[in-house]
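Working from the sequences, and respecting the hints, build out all of it.
The sequence shown runs 1 to 426 under our numbering.
Incorrect hints may appear among the rest.
Said to hold, decoys possible - Result set (DMTMM-like, lysine to aspartate or glutamate): computed pairs, CA atoms no more than 20 Å apart in a straight line:
#	residue 1	residue 2
1	Lys405	Glu379
2	Lys108	Asp96
3	Lys307	Glu287
4	Lys307	Asp317
5	Lys405	Glu416
6	Lys124	Glu203
7	Lys335	Asp299
8	Lys179	Glu287
9	Lys108	Glu172
10	Lys207	Glu133
11	Lys94	Glu180
12	Lys230	Glu172
13	Lys387	Glu416
14	Lys307	Asp328
15	Lys108	Glu163
16	Lys207	Glu315
17	Lys179	Glu203
18	Lys124	Asp64
19	Lys413	Glu339
20	Lys175	Asp186
21	Lys179	Glu87
22	Lys175	Asp317
23	Lys108	Glu133
24	Lys340	Asp393
25	Lys207	Glu172
26	Lys108	Glu63
For the record, the hints were derived by calculation from the structure and aren't laboratory data.
Remember, it's a predicted structure, so these values are computed and weren't measured experimentally.
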Amino acid sequence: MNVEPANFSDFAESADTPSQDTQPTSDGLTPDDASAEIVSVDDLDNSTSVSEPDEALMEALLEDLQKTLSVAPSAGAQAIVRRIAVEVERICEKSDRIQSSGQISTWKMTLAQHRLQKILAYYKLGSRRGRVELHSHLSAIVYRHISRSRAQLGFQGRYGLIEDFLQGFYIEVLKAFRKENNLPEDYSPRSRLELSEYMAFSEQYAKRRINLPGRRNQQLIVLRAQGFAKRQPEEASVDIELAVESGKGEEAEAHSRSPVVQQVREQMVADAVDPSDSVLRDRVIGELIQYLQSQDQQDCVNYLVLKLQDLSAPEIDDILNLSPRQRDYLQQRFKYHVEKFARSQRWQLVHQWLGADLDQNLGMPPQKWAAFLETLQPEQRQLVQLKSTNAADQAIAKTLRCTPKQVHKRWVKVLELAWQFRNQEG
Numbered sequence: 001m002n003v004e005p006a007n008f009s010d011f012a013e014s015a016d017t018p019s020q021d022t023q024p025t026s027d028g029l030t031p032d033d034a035s036a037e038i039v040s041v042d043d044l045d046n047s048t049s050v051s052e053p054d055e056a057l058m059e060a061l062l063e064d065l066q067k068t069l070s071v072a073p074s075a076g077a078q079a080i081v082r083r084i085a086v087e088v089e090r091i092c093e094k095s096d097r098i099q100s101s102g103q104i105s106t107w108k109m110t111l112a113q114h115r116l117q118k119i120l121a122y123y124k125l126g127s128r129r130g131r132v133e134l135h136s137h138l139s140a141i142v143y144r145h146i147s148r149s150r151a152q153l154g155f156q157g158r159y160g161l162i163e164d165f166l167q168g169f170y171i172e173v174l175k176a177f178r179k180e181n182n183l184p185e186d187y188s189p190r191s192r193l194e195l196s197e198y199m200a201f202s203e204q205y206a207k208r209r210i211n212l213p214g215r216r217n218q219q220l221i222v223l224r225a226q227g228f229a230k231r232q233p234e235e236a237s238v239d240i241e242l243a244v245e246s247g248k249g250e251e252a253e254a255h256s257r258s259p260v261v262q263q264v265r266e267q268m269v270a271d272a273v274d275p276s277d278s279v280l281r282d283r284v285i286g287e288l289i290q291y292l293q294s295q296d297q298q299d300c301v302n303y304l305v306l307k308l309q310d311l312s313a314p315e316i317d318d319i320l321n322l323s324p325r326q327r328d329y330l331q332q333r334f335k336y337h338v339e340k341f342a343r344s345q346r347w348q349l350v351h352q353w354l355g356a357d358l359d360q361n362l363g364m365p366p367q368k369w370a371a372f373l374e375t376l377q378p379e380q381r382q383l384v385q386l387k388s389t390n391a392a393d394q395a396i397a398k399t400l401r402c403t404p405k406q407v408h409k410r411w412v413k414v415l416e417l418a419w420q421f422r423n424q425e426g
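Written out as structure tokens, the structure reads:
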């Protein structure tokens, strides 16, 4: 997405693009792993005091910085090096894994060099290309989380929401940067090096992993995007693209200035939380695990539990002692059983969690729902009507003069057709 975010200063651009390879240490942990530390929500609001940074570490970093940029030391460069050293001290003090590794000094240098290389990467990209690179990277992370699953938005609709979301997120990042580094409330990056530091911090801040109930964790920016999506008014889902786009022509401009559209935009950034989604999610996961166990699929249960911990494929392979081919087979089997579970007697719970329940038109906006009903056979439309009354399968079977098993089979077919129709473009 080649759109430059606001709240950045303009500087000259460099044509060189550096390598950003990340090397693991002897214990297999990478600087990215340690940098994206898992924190609680409270950690975001409370600064943690750490011991004074290592003077030798700061001198080594400053020397590397001077050699790379071929510039004399400046107060700004020294301040950046000190902030890196303080952050590294904080990470090493809070990480049980690093503390027990017996390689704390090595970790300090590795993490500090990793931080410095991230800053230099943005410096070499230059102000404009660096902004575009960061914006594109964060946009890709939040793309599928930025709207409700039933909103049926195309690329342009999501793009508009992403722009609105990221502008607010950059403001949050700047506030966090000031707070964590004990900077004045009016601090803004001025020099090209300071801007590079801020962009590197923005990327790292977005990827911080936040503890969630059930021993789960998620990237901070994904949680922010999901919260943003939940705050979009449901009644505005069909016209949401109009609400987020700039007016074109007198009629469109009048529409964008209307109180209703203004209210939509205000509600999209209102501060509200809906805990019911996580409750539904836990119910679905619990019943899915019970279903897999009833099907004697304990290896699928193990795979699900590890996936919920957001482990990478190599980590799952290592824990379950799987070859890549065995993992591919397990993934296919897991997918088969999940789809079977979603079409089982618990279909209503699953669809409710996905925001695609029958009272929500199986996740389709009104016009698309009406078009879908037109594609069904008369007996299928009758089945949809009976299901919408919450009648039991036994009662529906009597009306349709068939068995409850046949009712379930026919309903599974309708759900499959709805899934295909819902995911069609246009």
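Practice task
With a cut-off of 20 Å on the C-alpha distance, tell me whether Lys108 and Glu163 pass.
Solution key: violated, 36 Å
Handout entry: Given pair status - Glu315, Lys207, alpha carbons within 20 Å
Key = holds, 19 Å
Exercise for the section: For the pair supplied as a hint, Lys307 and Glu287, confirm whether the alpha-carbon distance does not exceed 20 Å. Expected result: holds, 16 Å
Practice task
Starting from Lys179, check that the Cα of Glu87 is at most 20 Å away, please.
Solution key: The given pair, whose Cα atoms are some 13 Å apart, holds under the 20 Å limit.
Handout entry: Hint consistency between Lys108 and Asp96 [alpha-carbon to alpha-carbon, up to 20 Å]
Key = holds, 14 Å
Practice task
For the pair supplied as a hint, Lys108 and Glu133, confirm whether the alpha-carbon distance does not exceed 20 Å.
Solution key: violated, 28 Å
Handout entry: 20 Å Cα cutoff - pair Lys405, Glu416
Key = holds, 17 Å
Practice task
Would you mind confirming whether the straight-line C-alpha gap from Lys175 to Asp317 stays at or under 20 Å?
Solution key: Status violated; Cα separation ~40 Å.
Problem - Lys335 paired with Asp299 [C-alpha distance capped at 20 Å] - result: It holds: about 13 Å lies between the C-alpha atoms, which stays within 20 Å.
Exercise for the section: Take the C-alpha atoms of Lys340 and Asp393, compute the straight-line distance between them, and say whether it is at most 20 Å. Expected result: holds, 18 Å
Exercise for the section: Verify the proposed pairing of Lys230 with Glu172, using a straight-line Cα cut of 20 Å. Expected result: Since the Cα atoms of Lys230 and Glu172 sit roughly 19 Å apart, the hinted pair holds (cutoff 20 Å).
Problem - Pairwise hint evaluation, Glu379 against Lys405, where the allowed Cα distance is 20 Å at most - result: Between Lys405 and Glu379 the Cα gap is close to 16 Å, so the pair holds against 20 Å.
Violated hints for the displayed structure, listed by number in ascending order: 8, 9, 15, 22, 23.
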